[in-house]
Amino acid sequence: MSSLTLLGILPLIGALLIAVIPAEQALRVKQAALGTTILVAISAVMMWLNFDESNTAFQFVQSAGWIPSFGINYAVGVDGLSLVLILLAVLLTPIVVLAGWNESEGGRWSAKVFYILILVLETMMIGVFAATDVFLFYVFFEAMLIPVYFLIGGYGSGERAAAAVKFLLFSLFGGLLMLASIIGLYVISSKNGGATFDITQLSQMHNYMSSTTQNLLFLGFFIAFAIKAPVWPLHTWLPDAAASATPGTSVLLLGVLDKVGTFGMIRFCLTLFPDASKTFTPVIIVLAVISILYGAFLAIGARDIKRLIAYTSISHFGFITMGIFAMTTQGHSGAILYMFNHGFSTAALFIVAGWMIARRKSSTIADFGGLQRVTPVMAWSFFIAGMSSLALPGLSSFVSEFLVLVGTFTRYPVAAVLATFGIVLAALYILIPVQKALHGPTTPGNENLPDLNLREKFAVGPVLAIIIALGFYPAPLLNVINPVAKQVIESQGFTDPVPSESAGK
Amino acid sequence: MVTSSSLIYLIALPLFGALTLLLAGRRADKWGHLLGTAMSASSFGVGLYQLSQMLSRPTEERAISQKLFTWIDVASFQVDAGLLLDQLSICFVLLITGVGTLIHIYSISYMSHDENRRRFFAYLNLFIAAMLLLVLGDSYLTLYVGWEGVGLASYLLIGFWNQKPAYATASKKAFVMNRVGDMGLSFAIMIAFATLGTVSFAGVKEASEGASETALTAIGIMLLVAAAGKSAQFPLQAWLGDAMAGPTPVSALIHAATMVTAGVYLIVRSNFIFDAAPTAQLIVVIVGAITLLFGAVIGTAKDDIKKALAASTMSQIGYMVLCAGLGPAGYAFAIMHLLTHGFFKAGMFLGAGSVMHGMNDSVDMRRYGGLRKFMPITFITFGLGYLAIIGVPPFAGFYSKDLIIETAFNAGGFKGILLGSITLLGAVITAFYMTRVMILTFTSPKRWEENQHPHESPFLMWFPMVVLSIGSVTSGLLFYRGDALANWLNPVFGDHGKDHHEEHLFEPIVVSAMALTAVAIGVGIAIMKYQLSEIEAVAPQNVSIFTRIARKDLLQDSFNESVFMRPGQALTRLLVKGDENVVDGAVRGIGRTALGAGATLRRSQSGFARSYAALILIGAVVLIAGIWVVTL
Amino acid sequence: MNPYNYLYVAGLLFTIGAIGVIVRRNAIVVFMCIELMLNAANLTLVTFSRINGTLEGQVTAFFTMVVAACEVVVGLAIIIAIYRSRRSASIDDASLLKR
Amino acid sequence: MLTIQTPEAVMFWVLGPLSVIAAIGMLVVKKAVHSALLLAWIMITIALFYIAQDAVFLGIVQIVVYTGAVMMLFLFILMLVGVDASDSLTETIPGLRAIAITAALGFGGLLVSLISRATLGRPALGLAEANKDGNVQGLAKLLFSDYVFAFEAISALLITAALGAMVLAHHQRTVARPTQREQAIARFRTGSLASAAGLPNPGVYARHNAVDVPALLPDGTPAPNSISATLKARGDMLESNQFELGEVDNTVQEEK
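Chains as they are written, first to last, in this note's numbering: chain A, 1 to 505; chain B, 1 to 632; chain C, 1 to 99; chain D, 1 to 256.
Quick caveat, the hints were computed from the structure, so don't treat them as lab data.
It should be emphasised that the depicted structure is a prediction, and the values quoted were computed from it without experimental measurement.
For glycine and all other residues, C-beta sits at the position ideal for the given N, C-alpha and C.
It cannot be assumed that every hint is accurate.
Computed from the model, here is a short list of chain D residues facing chain B with C-beta under 10 Å [as the list claims (entries may be wrong)]: (1) I93; (2) G106; (3) L114.
One chain only, chain A, in its complex shape (with noise of 0.2 Å):
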């Protein structure tokens, strides 16, 4: 059984051990999960440690017949595109536990119900990203929904029934959409050399479709993966989501779920359909820009602090799919980095945010105010989170941004120039609720707000660090990126374009 097997059944395992523990004992639960996370979280760093950079090929292989008489098989692998989101999803998941440690109450069911949902939300994700066969992917990528769908409709707030549907039926639909997609494929492969659900193999299929065929089975794709990591006009579901979700719920969600959109868009929709994805590039640049900018506005005019931070993915989301759609070297390191310091400074600011929610018992951007002084830790902790959000340079998010502009910049110069005034936008939607929620007279209401404690502070510590040490030192992630997104590039035939003006030299 090859680690990353292992790797995917220890959260198992842990929800395993949750479930023979009483319900009563609920802090022997959360102690649990937290234990169970954080094992996972140093397996996967040892991992990251065991992994050759140099080589692009899937690493940690493992596959085994499931369903022979289809050609569907349990086989999983990781490249450095798969290992540098599958690190955000487990170093994320004991974030969450820690700092959502009260999270659990007040829902329909008992913490231990929540702590077996997350554990098992931890092996989806993991499977997903580690899947390398099309199959394994698809069940993975709807499995993944269910225990989201308990989390947001058992445990979150406001409406949360209604977001748990509206999530739900959104994903259901673009699944639908892939999973005709995939039995097209399948067919096409069954019809030229053998029956397969292998990616490698799958990879070679578009020179056996028309251009009609692979348009269409590339939509399929791409819908999906528009949804989940939501370009505008597919986005609506996720702001409903994220508020009405707990706090550690949306940043599972918009930190790590979200980014198999992403992720899906370069290993699916690139490397099966290198000529459709060539065909679609110029619309999808579009909507990444009209995203960029959209998103931004309405952060601007948002005035609930979640629903806030949900925009501003959208924003952000925005910025990947540039990256990945610009077809260079750097706006495709940029846009992988990007996914996962993403996954950091939004899952801070909504680790924040949540507390601050909790603590006020409301979400309401204008019922906070003066925290600074009030709650001086938690204030600076959201207004790095918040700076990272807008892509200060020394903190991670400015490479990776600053990456996806220059690559695109390179391609699509009106396309980047016009991202380019979301860094404004940007300044805006951060500051505009730090003005509001941090600073001016102190509110009343808030003059007795407890600031941060021990757990509070140890949760949100490692987060800020990270965000702070990829802002000056990104190497150790961008030597497992470049290879892939290297190989992705040079896989659709592209090349960096030349500097213009030193072409001589």
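Using the hints provided, position chains B, C and D relative to the given structure of chain A.
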């Protein structure tokens, strides 16, 4: 190029101070200001050491660099975290750390009553570190880090008293307008990478030699946008006046001496681009000229002493930008004016702080008057700074401004005459409004309430003022003598620096005479208008439309509000509504359609078996009709 | 005469039975109309049997009769059960499907 | 080759229209009993058609099973439900009747049109050949050879249906039947002793002693609870006021 491993200490020391003070929290309240000052001072020490090292090396080996690590390395996009200390940077390093240390010392006393003094010093240290990174970075991207870093520090310091909503808004405004400028810098870097394939200073310099003028013009214009944002140049000047919301030492350090001059640094640093892009240069000159007058006009109308000084800063930076835009002839003079301005303007701001300190934090000059007797040291140091800024020989400003005016006239042709006249006009207005400040504050009869007790500031406050006033007296001559500064900086500007325009429109002595005449006119008008006539304690309202517009900062805020802010807000509201009703509405519409279809079809499910039977019959009819048609 | 004429009669009877099922409300009458339709179908079976010269049609008709008998037994039992609980033999009163 | 003899044609032309008319009658008569009688007539007609078409066995079975057993069942149930109850023929579901008749006309029209267009491609054969050993023998040969499994399945179905009918018609008690003792206690505990001695018998003190006429109480008012609940529910209770004694008539009338 000589490499060194000690450059990082310049930045690391204040950064360490900032992080320590922020992380230690209230525990550091007792000694925080001392640590902050010590870190700044030791950074200054390192700077002096580097200067001595530099002086000991031959001219061509004076620039040294340090590569810390590879920051970003993606295919052809390679950026090192590298530092570069050359003759240009060292001027800035010493200015930043020197003036910075003095202002740290001043702040110990000035902020002694503020319970958050530790945090203030943390921000100051953070600023010093970021500013040093800005001037030491060896590529545009590392510069960008410092560039936004100082923006952040400026934001934090302007909003230091952010419990007042107006101050919080001012800090936000500063950050956002700076971001507009930063966008320009982003564009510049992107264009540089796309056209030249590199973003390091050395790389761009090398590649620019063979590059087309179009690309370089684009880069140049974008760099100018960046400089305009940071240096409060037209049209991104509106934030500077509001930035006076910060504590006065901040205004002195950031919004007078150092950060706002970063734009000038950027232009001078990018001399190889502007030299090859005359169009961009021309725009630089235009922007500088407009700002020069713009700031000066605003300065005449302000009754708030800090805002008057801020307007003056804007105007003086206009001089620098204009001069930097004049190409090789001007770079050194721009830097010279920048340095002398750093001394006298910082000194004057500290003086203003001292006055406010003695006047219960009042900033209204119409409520001052006759403070000469009560604050002699402040009066003298401020007065020396005043003489420097209006350009009275042999004070510092005389030399630097005189050179700028001369360079402007020498720009050649009509352009030269126009620019020279503008700079002269600026000198008149400068002399006028600075004299006004002096008279209103110090020499006119007192207009303050009886319950106020103006008093001289303590030693820790006047000491830095004295040091700075010494600088504003001597620095000009120091730099001017034998073209000391120009020769020192020449290696940075390559060969260009040497070929001065030898054809003078006017002899230097004539220019000096004209400048002095201009000063005399300005001072004379001011004395007539203020010293020899009654000053009202409340600003008169029955004034001309021009005065009113000038008081409103020449409508800059109204313009921004009506052109950017309001439409932006309207657009935001529109999009929010649109997202709710149109985009999400479409989604909900699908849902409603499904529900509606269900509700309609549900009516057929009446529960009456007979209606079901009727449906079956209809089905049978359809079926049989089908058969009938098929078998036809 | 033509044996197809029996088919016309069967078709008419079937149609009339169908109308009866729809327009009559008394469950027993509805049931009788169903029987009428079954009989019409049987008549076609017998007629086709004769036309084709084999007995298979008659066998099928025989089975139909038996099934119809079963159906009548169960159906009437249901009517009785409903009548007992609702005191009505109108099938419109048994419209619980609506809710 | 089948040729149809004149007597059969005569029979068809007489009985065919009659059966169709009877079927239409089924739709329009108000009383279910009349419908049942008309249906019985149609079934007999059809039995005759069977016999005329060389399906003697089926004809007999049709008469025995349908008109004998099935129609008896119908009538029996009708009696349980109420023979006299007549249905209203007004339509309560709007538009249904129009839809039904239009659809049925279309259906019938299409059917007839289809039958008229259909051809077998060869002349009709007749059953003379198949029935040469006798109709019953021919059927039996098929039923017990080719169709024996279907036959057995059908028989199982019949038994199941019988059981099912019993289950459905069986009234399951949900509470234990009260004993006489319990009933007596319950009567005395109702608060009023009026019913303690049990309900009055119908008509005992009245001038008519029929079961559907309420008894008269000693004060001359009718006692509705003297009537069987079933009769009351069915609405078969007679008005009692015609038997009320308004004022005691003291004049003695001779009954001749």
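Which numbered hints are broken by the structure, listed smallest first?
none
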